[in-house]
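Same order as they appear, the protein sequences are chains W and P.
The opening residue of the first sequence carries number 1 in full-length UniProt numbering; numbering runs sequentially from there.
The opening residue of the second sequence carries number 1 in full-length UniProt numbering; numbering runs sequentially from there.
No wet-lab data here; the hints were simulated from the structure.
Small disclaimer: the values here were computed from a predicted structure and weren't measured.
Don't take every hint at face value.
To spell it out: a stretch of chain W is covered by chain P in this simulated footprint if at least three of its residues, at any positions, have a beta carbon under 8 Å from a beta carbon of chain P; those stretches are [to be verified]:
{"no.": "1", "segment": "96-107"}
{"no.": "2", "segment": "223-236"}
{"no.": "3", "segment": "308-320"}
Straight line, CA to CA, 25 Å or less: simulated BS3-like cross-link-like pairs of lysine-lysine [claimed, not checked]:
{"no.": "4", "chain 1": "P", "residue 1": "LYS172", "chain 2": "P", "residue 2": "LYS137"}
{"no.": "5", "chain 1": "W", "residue 1": "LYS377", "chain 2": "P", "residue 2": "LYS211"}
{"no.": "6", "chain 1": "W", "residue 1": "LYS232", "chain 2": "P", "residue 2": "LYS116"}
{"no.": "7", "chain 1": "P", "residue 1": "LYS137", "chain 2": "W", "residue 2": "LYS345"}
{"no.": "8", "chain 1": "W", "residue 1": "LYS356", "chain 2": "P", "residue 2": "LYS80"}
{"no.": "9", "chain 1": "P", "residue 1": "LYS476", "chain 2": "P", "residue 2": "LYS455"}
{"no.": "10", "chain 1": "P", "residue 1": "LYS439", "chain 2": "P", "residue 2": "LYS476"}
{"no.": "11", "chain 1": "W", "residue 1": "LYS285", "chain 2": "W", "residue 2": "LYS256"}
{"no.": "12", "chain 1": "P", "residue 1": "LYS121", "chain 2": "P", "residue 2": "LYS17"}
{"no.": "13", "chain 1": "W", "residue 1": "LYS14", "chain 2": "W", "residue 2": "LYS109"}
{"no.": "14", "chain 1": "P", "residue 1": "LYS211", "chain 2": "P", "residue 2": "LYS116"}
{"no.": "15", "chain 1": "P", "residue 1": "LYS442", "chain 2": "P", "residue 2": "LYS391"}
{"no.": "16", "chain 1": "P", "residue 1": "LYS80", "chain 2": "W", "residue 2": "LYS376"}
{"no.": "17", "chain 1": "P", "residue 1": "LYS442", "chain 2": "P", "residue 2": "LYS476"}
{"no.": "18", "chain 1": "W", "residue 1": "LYS345", "chain 2": "P", "residue 2": "LYS80"}
{"no.": "19", "chain 1": "W", "residue 1": "LYS256", "chain 2": "W", "residue 2": "LYS148"}
{"no.": "20", "chain 1": "W", "residue 1": "LYS269", "chain 2": "W", "residue 2": "LYS280"}
{"no.": "21", "chain 1": "P", "residue 1": "LYS366", "chain 2": "P", "residue 2": "LYS391"}
Residues of chain W clear of chain P, computed beta-carbon distances all greater than 10 Å [as the list claims (entries may be wrong)]:
{"no.": "22", "residue": "ASP25"}
{"no.": "23", "residue": "TRP200"}
{"no.": "24", "residue": "GLY206"}
{"no.": "25", "residue": "ALA249"}
{"no.": "26", "residue": "GLY329"}
{"no.": "27", "residue": "LYS356"}
Every residue, glycine too, gets a C-beta built ideally from N, C-alpha and C.
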Amino acid sequence: MTDFFQEDLVSLHKKLVNKEITAVDLAKAALDKAEHAQKDVNAYITLDRQGALKRAAEIDAAGIDADNIFSGIPLAVKDNIVTKGLRTTAASHILDNFVPIYDAAVMEKLNKLGLVVIGKTNMDEFAMGGSTETSFFGKTANAWDHTKVPGGSSGGSAAAVASGLIPFALGSDTGGSIRQPAAFNGIVGLKPTYGRVSRWGLIAFGSSLDQIGPLTRTVKDNARVLSVIAGKDPRDTTSEDSPVPDFLANIEGGVKGLRVGVPKEYFAKGIDDDVKATIKKAIAKFEELGAVVDEVSLPHSRYGIAAYYILASSEASSNLQRFDGIRYGYSARQEGQTLEDLYVKTRSEGFGPEVKRRIMLGTFALSAGFYDAYFKKAAQVRTLIVSDFTKVFQDHDLILGPTTTSTAFDLGSEDDDPVKMYMNDLLTIPVNLAGLPGMSINAGFANHLPVGLQIIGRPFDESTIYRAAYAFEQATKLYEQHPEVSF
Amino acid sequence: MSSFETTIGLEVHIELKTKSKAFSPSPVNFGDPANENTNVIDWGYPGVLPSANKAALEGGMMAALALNAQISRDVHWDRKNYVYPDNPKSYQVTQQQTPIGHDGYVEIQMPDGQTKRIGIKELHVEEDAGKNSHSGKGYSLVDLNRQGTPLVEIVSQPDITSPEEAYLYLEKLRQLIQFTGISDVKMQEGSMRVDINISVRPIGAAKFGTKVEIKNVNSFQYARNTLIYEEERQREELMAGHTIGQETRRFDEPTKSTILMRVKEGADDYRYFPEPDLPPIHVSDAWIDEVRSRLPEAAATRVHRYMTEFGLSDKDAAVLTQTLEMANFFDQTVANGADPKRAANYLIGDVNAYLNETQLDLQNTKLTAVNLAELIKLIDDGTISTKQAKKVFTAITEGKDPKAYVTENGLVQLSDPSKLTPMISQILDNNQQSVDDFKGGKDRAIGYLTGQVMKSTHGNANPKVVHELLLAELSKR
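Just chain P, with the same shape it has in the complex (with noise of 0.2 Å):
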């Protein structure tokens, strides 16, 4: 088996959270009805023109920012000519000749600790088609709702040597987007789609094997689990002395292998020329600078400041960082008064498992960094016990003000002495048998006595301050 060595190249597509298109005001939104965003632009009317849009060719530079690249100072759009029924216009814009990045990189963490550098070749900004639908009643369905989205499509260099690294790869390369804020970067909802290249060749081959291309994968389990199978059939293939197909495969997740889509005999020709309705884009210093000055800080950037500033561990400032949307809501808690340990713990602890039960992104719950950082202030002024936080957590989860909650459940924590003091020696009085025992010598009747206050305050006292409470008591009889 070691005698194979195996290369990768990654072509992942991003869709771009713009307001409007790429090269129309049409909106962008996912899940809308069909055709509802569009206009003549999108269907292609003759006589229409597009505009560039000024945020989709800025989030191509955010990207390439994000990945070391470089960015391309003198930008025009081309044409990328195909028929197909989603595709009105027959062509789609794209940056064929000037991708507004190149020669980028990504680090990875190895699971033996070294860290890895993946080039990036290019990334180039370019809009989406369509979506077909087939009725299998001998039509299809077009919705043009997609056409027209801005993408970045980012090209690695055949840098990655096994399934184990793409993967790590695509992690990466989702959380370095994530943290630029261009783009949701979800899988299932077509926001990142992967293109797989993989060849495999006898170690020490001058030249790479043949590329076996695998299309849309989307999911990054999915991704390794084709380039897992695809590299054992192409060694096996090899072994077997037989010659790899340049073809287009597909994953198929039933059999967990990959099925031949076609086999190609040429390349496609897309007949690429410069876009004649756009003009020429000068990217100015200027321009780079104010667009970098807007990028939010990146998630390597957060795990030093929440080390250094907060005091947190490594591992707990990495799942912090999983997703822009954790981080973001761990700043404006913290910001909002909460202490930083406790507001990571709340989010690694009792927000991932409410996450986890209930398959709910964040920004989907009814959780609020203001309401996470009012609970926390209720549990470190001594308000509320740890143990009402739990029914106050599971509040604010429904929506609910913490101090109001607290207020109208009468959760509030019993620490008054005046109020304590009185409770303690009537039930002093009624348990004479644990004052006997503890001033004979029996430090666990303390315990019981608590027990009693808590029991007779439904467990709103404050248990440090009875347990002081209960030894002056003591001590006066």
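The shape of chain W in the complex, shown without the other chains (with noise of 0.2 Å):
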């Protein structure tokens, strides 16, 4: 098959323009791999065949618009982001029938710039998972290796995107479900600051942390992305009322001069050393591009993972509430059945182990006489967690450290201990807390897999966090390597 999506998106609108492809061959293509990979990698939950031929019909009708990059592009949208008539399930049983009647603000966007959606890609239930192995409709691979975890949430988008099919996608990342499914599969992956994406239409997990980003092959690609995303939707009143940059004008600058903090936490005890070496060699390579690079402190960002869990949860069991049976999805309804009686059936059948663990201990953290103790408390270590880093970006405009503690496990491996699991996402969920935005490229490799380079930036500067970005992948040129299996 030709192998459209290892090129960016420049590349494949100048062909469009061009008319040596059309925008049903590239939907064509990326339908064709991915269900090509489909046995392999399992990336998708959902393929609109049916509706993506026919969308990309009548965009070249239409004709190619010269001036919009995305105009006739194929992408790949995390299974929680909701589509209007296209199944939406969040890898859950309870919404494994769920069609959605209208569309996320995003799909908004991306619908009148002329993308076409080719499906829905797979994840952890409801988010809820950093392996994608918690989904309902079973565990996507690495694209590097089909034994290892593409990470997760946002497993599914970072596979396809890495395994070449297709040219981006969305994830969502609320502790880490972005970036470190980004770092298993060397890609770009960005989630920008809380509130520059509006999260009208994405199935709630955590709401306070909850974020909508791109992953690309590149970051220019993530930087063009994140520019149509972005902005203010007064139905999501914590999105926030700035305008949106223009995020590839200064990419280019470079990093010479940028002020680089190094926290020493993110190379303590627990990190891999493989990931410690390739992440310190990445940083020299800062310092060689000229940045000015010094160890920092976030004193409070090992109680981040503890606060993490318990105040996702605590909201994730909110929001969860509404899966009762009634109103959409799946229904355990019976003959003769009371109330209750349905809604625990529902919900039992409905809900994976996954799901039901983090319901039932964000129930017991909100319950009476526990909330001070546990909600308050995890309340109160947020706001230190954002006074660390208030304090290092009052000097440095970056940090800079690993993405994931380890390389991408083995798929099955941590199945029986949630705990370590959890462990996984403790450099990237301080971000989260924090509200801040936060990326992870391809910083090498250790045993033949990728290891994230994690830049966290100050609040809305995904402008620096891109600079920098773009001058460590053009010094790399990490991106011009693919997984060796390709589709």
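Each chain sits in its own coordinate frame; assemble them with the hints.
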């Protein structure tokens, strides 16, 4: 099959404009590759062949817009972002027949630009997990090694992009769910500042932490996607009312003179040595490129995981109460059943074990008599974590460190130990708690698997992250390396 | 009996008549077909988010200002989690930690003329739930039109000590809220609902008695009857040496008693936490001032104004300010040029009688302030007599224009001497006996003659003018 999707958006756009290919060609290629790869990668929950081809044909008929780089480009969307008329499951049995009657805000924007949704990508159920193994629709495989996890919860989106199935995909990040799978698959994943992108139409997990973001092969493509999905939405009153800068404007500005902080806590015990070594090399590269690097401290980051699992689970326990088998989705309705029986049976059968675990954790943390000890305490810890970052950002432009504690681990290896799984998010979670923008880009390889470099910026300063990431990307050209398995 | 004292606290829910719902753009409208006023937010669809309605929070601020409460400056929303079919998100958005208003009071006039102050613990804004109806056929129906309607919940301090005080408090509260214009405060439409807490204890007891809760009482009369019954029941239980259980009861109209609904074993656990989908709100001085400037004139201020400006009695002023509708109608009638005293008399007399007879609210009648003012002007300028005015009043209740009605029905009062004098001469000619009687000192004869003039003019002659002209003509004979 033609290897369209190791190219970037500029190159695809040029081919479309020059009529070397059509939007239908691209959609077909994306669908065929996706289907071909399902057995090995299982990146998608739903593929929309009919809808995508129809849409692509319409775009071809209307003519590719030479001024709009997204015209006729296919994309994949994480299955917790609602798509009108296209099944949206959040990887849960409880929503496996849910066809939304409205589009998420990001989908409205992308559809308007003439993008073609190929399908909905696999994920951890309700975005709860770090390996895309809790999906009701089976596990997804890592693009580089099919015996490894792709990371989670946006594992389907990351694996699809890294496997060359699609030029870019949308994910969502509550505690690291874009950055960690981006790291495990060696691609570019950005969790924008909380409030940068509308959450309208994102099936809520932890509302105060969730944010939609792009997963791409290159830094510039990432900036292009953010430019179009960012911005205030009156339907999401937590979204920020400030103009969206041109993220490409200064992207080639280099890192000379940028002040970079490297938290010593991000190199403490528990981080694999080969990850540390790869990241140290990457940071040395930044110094070589002219950045001023020094060690900083985020003393409360070690409490991040505990605080996160209380806060996110509490919010989730409330957000997931609406799934009751009455108005939409799976229903265990039976003749002669009481209302309570219907609720209990629907949820017992509809939710998977990880979701149940977090609902119970959150319900407990919020319950009378425990609220102060758990939820309130966690909220206080969150404040301390925010002030740690604020202090560092007083005299640093960026924070650099590893995205993950290890490279992608074996599928199934952490099934029996949820706490071990939770520890994987140690380095990404503080960024969500503080609402900051964070990115993962490929820093190199350890044991033939990608290692993610995490770049954290000031609130709403994605531009500086992009500038630094682009400088590193161009210096290393790591995006030119592809997984051996191709589709 | 007097060895016990009663403690009553009331929680009053007021439905705000905003254009849209508290957290969604769906319209707020009573009586529309089921589920017509709903959208994906009201249905709790996956992925939807609430947007706080500014008007709802301002409604809460207005209520707080009317009840002399402090306004909280840093407000956030909280989720109150509970699962029920008419509550699709399975949580209600409310203000548990930072109510928009706190520490206010309401003053009531006791029957002995004393003023008593009832403390307001807090006022918070929240959303209503939908409505379930049970078909009795093994399933229930859910109507979400009401779901998300903004409410202000007003929580009193336990300062109320008798059913009568509770009644006076509710009446006063209704009036105060009605005059802010934020709600119709109609119990029959559910825009005002009362939850009662009552406990009884021996006088001097250090601790409050066990509190019994009576939910969703839907009239002031029920509230009073409920409390009278419940106060007595609790006293009797205590005198019999029983303890009062912590329970929820309901008032049963046919038996005029309260009936046990459920025994509370522990507090409900609503797992409150700050609503993460809505940003916190800072309430600035400028915002409060702006909202205050939009508050309509309160009832008490109007009473004072009616007495000083228009010279109305305190009793009349009080009747006119019983409802906002009546007071506004009065003000508009005066603004349209009617004499204030005559306008007051009409509203207190004929208009009230008409409303009682037809069981209508003023706003649902065809009466307008413009027409009433016109009617009053027609009396004052002598165009019609007060007797004719009765007919004209009936006409304006049917929506007719008073001037046109007077013309069409020939009701114009006859005051023109050039028209009346020939008529009077004719009558005197035809009634020589009466003329003679008058001349002979029988003053009563003039009454008969006046009657004849009125008869021949179908009652349209101006009696005052007729009287003067008669005297003049008689003096000539």
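Results of checking the hints against the structure:
1. 96-107: holds (count 5)
2. 223-236: holds (count 3)
3. 308-320: holds (count 4)
4. LYS172/P with LYS137/P: Distance of about 43 Å is beyond 25 Å: violated.
5. LYS377/W with LYS211/P: Not satisfied, since the Cα-Cα distance of roughly 33 Å exceeds 25 Å.
6. LYS232/W with LYS116/P: violated, 51 Å
7. LYS137/P with LYS345/W: holds, 22 Å
8. LYS356/W with LYS80/P: Cα-Cα ~20 Å, so holds.
9. LYS476/P with LYS455/P: holds, 23 Å
10. LYS439/P with LYS476/P: holds, 11 Å
11. LYS285/W with LYS256/W: holds, 12 Å
12. LYS121/P with LYS17/P: Distance ~23 Å between LYS121/P and LYS17/P Cα, so the pair holds.
13. LYS14/W with LYS109/W: holds, 22 Å
14. LYS211/P with LYS116/P: holds, 23 Å
15. LYS442/P with LYS391/P: violated, 35 Å
16. LYS80/P with LYS376/W: holds, 16 Å
17. LYS442/P with LYS476/P: holds, 17 Å
18. LYS345/W with LYS80/P: This hinted pair holds, its Cα atoms lying about 24 Å apart.
19. LYS256/W with LYS148/W: violated, 37 Å
20. LYS269/W with LYS280/W: holds, 15 Å
21. LYS366/P with LYS391/P: Holds, at about 15 Å.
22. ASP25: holds, 32 Å
23. TRP200: violated, 6 Å
24. GLY206: violated, 8 Å
25. ALA249: holds, 29 Å
26. GLY329: Answer for GLY329/W: violated, closest chain P Cβ roughly 8 Å.
27. LYS356: For LYS356/W, whose nearest Cβ neighbour in chain P is about 16 Å away, the distance exceeds 10 Å, so it holds.
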